[in-house]
Amino acid sequence: MKIDQLIFQTLGERAILISWEEKIEKNILQEILQCRKIIQKNYIELNVEVINTYNSLLINYGLGIENIYGEISLLKALLVKTKLSKKIKTNHYVLPVCYEEQFALDLEEICQHKNLTSEEFISLHTSTNYTLFFIGFLPGFLYLGGLPKTLQIPRKKTPRLNVKKGAVGIGEKQTGIYPQNSAGGWQLIGNCPVTLFDPSQDSPSPFLPGDEVQFKSVSIKEHQEILRQVELGAYQIQKLEK
1 MKIDQLIFQT LGERAILISW EEKIEKNILQ EILQCRKIIQ KNYIELNVEV
51 INTYNSLLIN YGLGIENIYG EISLLKALLV KTKLSKKIKT NHYVLPVCYE
101 EQFALDLEEI CQHKNLTSEE FISLHTSTNY TLFFIGFLPG FLYLGGLPKT
151 LQIPRKKTPR LNVKKGAVGI GEKQTGIYPQ NSAGGWQLIG NCPVTLFDPS
201 QDSPSPFLPG DEVQFKSVSI KEHQEILRQV ELGAYQIQKL EK
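Mapped onto full-length UniProt numbering, the consecutive letters of the sequence shown carry residue numbers 1 to 242.
These are computed hints drawn from the structure, not numbers from a lab.
The reader is advised that the hints may include incorrect statements.
[To be verified] Label-pair distances were calculated between CB atoms; the ranges are:
hint: 1; residue 1: D202; residue 2: K114; range: 38 to 46 Å
hint: 2; residue 1: Q201; residue 2: V50; range: 16 to 24 Å
hint: 3; residue 1: K83; residue 2: K164; range: 44 to 52 Å
hint: 4; residue 1: E222; residue 2: R14; range: 42 to 50 Å
hint: 5; residue 1: P148; residue 2: L74; range: 39 to 47 Å
hint: 6; residue 1: N47; residue 2: S118; range: 43 to 51 Å
hint: 7; residue 1: V80; residue 2: N27; range: 17 to 25 Å
hint: 8; residue 1: K41; residue 2: K114; range: 42 to 50 Å
hint: 9; residue 1: K83; residue 2: Q152; range: 18 to 26 Å
hint: 10; residue 1: K81; residue 2: E222; range: 49 to 57 Å
hint: 11; residue 1: N47; residue 2: K83; range: 21 to 29 Å
hint: 12; residue 1: P139; residue 2: E222; range: 21 to 29 Å
hint: 13; residue 1: E25; residue 2: I51; range: 13 to 21 Å
hint: 14; residue 1: K2; residue 2: K165; range: 37 to 45 Å
[Claimed, not checked] Here are the simulated BS3-like cross-link-like pairs (lysine-lysine), alpha carbons at most 25 Å apart as the crow flies:
hint: 15; residue 1: K41; residue 2: K76
hint: 16; residue 1: K41; residue 2: K89
hint: 17; residue 1: K23; residue 2: K76
hint: 18; residue 1: K164; residue 2: K221
hint: 19; residue 1: K239; residue 2: K89
The beta carbon of each residue, even a glycine, is placed where N, CA and C say it ideally should be.
From just these sequences and the hints, can you work out the full model?
As structure tokens, then:
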């Protein structure tokens, strides 16, 4: 762990931010997630909250930190002696997506811009294993990195005021799913009928940063049947053995 390459900052009196190089890369995520695990393990009695983004860790202490610079020194000492393994254990999920026109509001325009047929677009989008970098801006929203370069496109200049629950979108190097109705500026290409966040469950989201997600194309009929199973509480997200 090269501590001199990390940036430690205070955020008010209750939090410390550790920042890595500003890139969306899987190897950086692996290092961040291992550091998060180490901090959580060593700070269990303090009950701190450790949240990751693409290239940072936010450590929220809840109460004010008495000696903020001393605390940063302790964190550096903890991380500098840590030997990072090559990879942490993760899960691999398969999520159904219907790419039909009624859901794929921007797909035709994207295909024209990229000189692709809809079939070619769908094939590229479903043949990729995406990495879950973190969960936000809505509870259960999956920020999935690894979108093929051929499909990369900026987000919409003017966000939509009402994006439907389950909408699958792309923006820049990412793809993601809206877990509830929301405003949003991602380019919409389909709909996933699976519930991604359920606050009534002990674990509201089954996904964790570092997990891999792949999409599977389904028809309108299959989409409706999955919705029915979800409403009955009978649908189980497909998880592949790694």
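Could you say whether the range 49 to 57 Å given as a hint is met by the Cβ separation of K81 and E222? Check passed, 52 Å falls within 49 to 57 Å.
Quick check: does the Cβ-Cβ distance between D202 and K114 fall within 38 to 46 Å? holds, 42 Å
Given a hinted range of 43 to 51 Å, is it respected by the beta-carbon distance of N47 and S118? This hint holds: roughly 49 Å between Cβ atoms.
Between Q201 and V50, does the beta-carbon spacing fit 16 to 24 Å? Taking Cβ atoms as reference, Q201 and V50 lie about 22 Å apart, which means the hint holds.
Restraint check for K23 with K76, where alpha carbons must lie at most 25 Å apart: Holds, at about 22 Å.
Satisfaction of hint between K89 and K41, Cα-Cα up to 25 Å: Holds, because 16 Å separates the two Cα atoms, which is no more than 25 Å.
Quick check on a hinted range of 18 to 26 Å for K83 and Q152, using CB atoms only. violated, 35 Å
Assess, step by step, whether the Cα of K164 is no farther than 25 Å from the Cα of K221, and give holds or violated. Roughly 19 Å between the alpha carbons, so the hint for K164 and K221 holds.
Using the Cβ atoms, figure out if P139 sits within 21 to 29 Å of E222. holds, 27 Å
If you check the beta carbons of K83 and K164, does the distance land in 44 to 52 Å? holds, 46 Å
Given the hint of 21 to 29 Å, is the C-beta distance from N47 to K83 inside that range or not? holds, 26 Å
CB-CB spacing for L74 and P148 relative to the 39 to 47 Å hint: Since the Cβ atoms of P148 and L74 sit about 42 Å apart, the hinted range of 39 to 47 Å holds.
When the structure is compared with the earlier hints, a violation turns up for hint 9 alone.
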